[in-house]
Amino acid sequence: MSPDLQNLPADDHVHSEWSWDAAAGAMEATCARAVEIGLPSLSFTEHADFTNWTYGIDADIPGHWARHLEQGVLLPPRLDVEGYLACLERCRDTFPGLSIRTGVELGEPHWHGAQAGSLLGSAPFDRVLASVHSSPIDGGGFGDVGSFFDARGPAGVIREYLREVIRLIDGFDPFTVLAHIDYPVRYWPDGVRPFDARDFEDEYRGAVRALAARGKVLEVNTRVPLDRVIIKWWREEGGTAISFASDAHTPDALAAGLAEAAGWGRAAGFRPSSDPTDFWVRD
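Quick note on the working numbering: the sequence shown kicks off at 118 and runs consecutively.
Pair ranges (Cβ atoms, derived):
| # | residue 1 | residue 2 | range |
| --- | --- | --- | --- |
| 1 | Ala141 | Asn169 | 19 to 25 Å |
| 2 | Ala140 | Glu318 | 36 to 42 Å |
| 3 | Asp243 | Gly189 | 35 to 41 Å |
| 4 | Ala268 | Gln188 | 20 to 26 Å |
| 5 | Val309 | Ala330 | 30 to 36 Å |
I should point out that these hints are in silico values taken from the structure, not numbers from a laboratory.
Please read these numbers as outputs of a predicted model, since none were measured by experiment.
We put the beta carbon where it would ideally sit given N, CA and C, even for glycine.
Throw the hints in and build the complete structure from the sequences for me.
Dropping the structure here:
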């Protein structure tokens, strides 16, 4: 095993074929990869999205999303909870030494409280993530956050996103982890000033302060990855725990960046709990 893969934290945000957008996802292969690299635990937090996205005629849409498109509106299919749980139990049988947690990533649950609540009541989930991927379109409908940079400008997108994050935190309580607080940065445009979280310190502090007040967990997502100063602000604003997330949609992306992110967590004042498969807690 590579030295940088030793003592990895749990990967608490992983997708498989049971997420509608994970065309190359594979739960069993992901578990095999976890065993190969010595990952102590992983959580399959499959997408449960209830917001429909409206696309223009010339929109660049991933090919495997097209089958969910009707008259320019993307209709995410509902999570097959029964099939997902059966698959996960088979993986637990196949990999008895691996901690495999159930989970779900709820998109904009504060907009869809009844549907989100019904899904959570349908089965026990070990990890409940809440996330914002969408923003209202002027004139009606919703779009992916990444589609608003031209109309609102980078700073406008970040500020509106964080306002919506606070609305989520205040408007929907049955979740544990806030996913990818820096989601818009994935779509940061070329040819503009590079993203610097310090340009939005007040807005980020406001969001993590609201999250801490609710006793929730901040996710350190490595897809971008998360600017380490946000982890510092999280602790300063009262945050008590962090989770780590590759946000993998393919087996080979599992735990990507987690070793480095663990170092950021330690530097910000967090450490593993007594259970190596659980969240990290503040020193």
